[in-house]
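There are 2 protein chains.
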Amino acid sequence: MKKGCKYGTHRVLEPQGVLPQAAYKIDNDMNIYSNEILIDVQSLNIDSASFTQIEEEAHGNVEKIKEKILEIVNERGKMQNPVTGSGGMLIGTVAAIGEDLKDIDLKVGDKIASLVSLSLTPLKIEEILDIKVDIDRVDVKAKAILFESGLYGKLPSDMSEALALAALDVAGAPAQTAKLVKPGDSVLILGAAGKSGMLCLYEAMKRVGPTGNVIAMVIDEAQAEHLQKWGLGHKVIISDATKPIDVLNKTLEANNGKEVDISINCVNVQNCEMSAILPVKDRGTAYFFSMATSFTKAALGAEGVGKDINMIIGNGYTKDHAEITLWELRESEALRQIFDQLYL
Amino acid sequence: MKKGCKYGTHRVLEPQGVLPQAAYKIDNDMNIYSNEILIDVQSLNIDSASFTQIEEEAHGNVEKIKEKILEIVNERGKMQNPVTGSGGMLIGTVAAIGEDLKDIDLKVGDKIASLVSLSLTPLKIEEILDIKVDIDRVDVKAKAILFESGLYGKLPSDMSEALALAALDVAGAPAQTAKLVKPGDSVLILGAAGKSGMLCLYEAMKRVGPTGNVIAMVIDEAQAEHLQKWGLGHKVIISDATKPIDVLNKTLEANNGKEVDISINCVNVQNCEMSAILPVKDRGTAYFFSMATSFTKAALGAEGVGKDINMIIGNGYTKDHAEITLWELRESEALRQIFDQLYL
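Taken in order, these protein sequences are the chains called R and X.
Taking our numbering, the leading residue of the first sequence gets 1, the next gets one more, and so forth.
Taking our numbering, the leading residue of the second sequence gets 1, the next gets one more, and so forth.
Source of the hints: derived by calculation from the structure; they are not laboratory data.
Because the structure is a prediction, the values reported are computed rather than measured.
The reader is advised that the hints may include incorrect statements.
Same chains, same names: a pair is fine if it fits in one copy or spans any two.
[Said to hold, decoys possible] Once the Cα atoms are required to be at most 30 Å apart in a straight line, the calculated DSSO-like pairs of lysine-lysine come out as: (1) 154 - 281; (2) 3 - 319; (3) 143 - 229; (4) 182 - 319; (5) 250 - 154; (6) 235 - 2; (7) 25 - 102; (8) 3 - 102; (9) 102 - 66; (10) 2 - 111; (11) 250 - 132; (12) 179 - 258; (13) 250 - 2; (14) 258 - 206; (15) 102 - 229; (16) 243 - 132; (17) 243 - 111; (18) 64 - 141.
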């Protein structure tokens, strides 16, 4: 067995010199290198943007969707939609572990979800068994490879697969919240009623403890009532994250007239940068988890209002992110019920 | 005198509810509020993207450029190019200070540069005196207003105006470097031969002290020779910031086989995110100063390679950024000479 690059560049076919995610085509030969993991794939959870695009192109015809997916994977060696550039994740069982990875916390037969994108994962599909159009899921007979740097989460035995997957999908945000938020902090969470927002909210309340203040910003009365019923957030404010002055004023009101230590932006629409920046105190932190964030709007916007704050790009990964996030569901009956109702 | 909003929203005419930068039109009445500063403007340094667009539209005709600038300012109350959205900065003399700002470190008659964008600064032009097409500079008889949150730098008496302005233009980067870098750190600076790159390089070398290692990445041999001649950087590597694996390998080689503590990206071209991410050690920091940075490429890219690093959006402002940056020029004969040769 040869040893490959930990980031998988040994499988990049074209163009040379880039990482697997940026590559057009990667090598999906299923003989593994000594630092790779082979997976028997059970299903692909196609990224929502990608699945929608394929579905539209196929005019909703399931056979055509199958054809299109096979065509992409045969052409590129990975399930990366050429239009959207996005991938998704997979669920499967560990089939083999390269000899250089013998010491990791996985054994053959473990059921895992990949936590790196399909857009960089070598994949070979033998057969598509079924397509569940309503949940963007493709059941397959297939094999895939995880690189040494690839992330995965072991699917727990004490909760349903669907529940674990729904949470793992946004695992970066609550885990980063756990690391950022300190006892006594005041925290503003924008888009607090969404999936990542609620997980962050729960984690922030736990971390600030009895002397902190966690403010949940939501868009309407119905969301506010939900959060209050479930006991999520010390204060709930209703505002529009594209209206920074309104968000600022309501946040100050909910925080004894003071700016907050940390803001966490989980609102997945554009032009919300200033609502995460304005309410934060000097030397405080704005954490951007939303993929709709514009780098330049944040950088120039903070300068424009003279805010000396630390602005963080929400890394989808931080150490132990899967465990931290799954633990929330074990700990909180409310969160489990919410996920059961809303995301399963 | 009435008191206005510290961010200047009291002058937003349309649309309502946004900040001055996002506004289409702001009020440029030159009667100041109690927390505003009135400036007698001497010149506008139009942002390069904006000036180029206007110059092209005017086919290089100076009278037409004048007309276009007056038209924009009369229409919008600020010099914000409607095509590029960008502004620039101004130089002028303090003409009046509102009574609520009496305690700031400015007095009437002080010469200052505005360090917030013209795209949010109320401006009224009486007359355009001259246009220096080669340096995007417009000499004017005009007045402008700085809000309470507006940033400015006093122009120092011990260096030329042009030298101070060239440095203040990128003041955020070296000042952030001063705050991020600690004694003994290893630091990779991408695009180290550019204006912000060299200022960061100098500051990083000062901060790491004798036990640190500052690696300057440049694109070609000529730049490498320049930096070595000037004694900037402990090590200089030649690579292409759009080729992350090459950058990684050369960085490891220049850092005893180890990943660095901090990377600072000053390369103003696209697709350089991974070159700033890959060479950083777990729990290290990647600081993105380049405006060509893509938020999503950084966020998804770090996840894709399983890098648990802190990624920072380069805020154009941090406390005392002007003073920290001007101090570099006072301290370093080499930097002054470089700036004299390259940017004046």
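**Message:** Name the hints, by number, that the structure is in violation of.
**Reply:** Those not satisfied are hints 3, 5, 6, 9, 11, 15, 16, 17.
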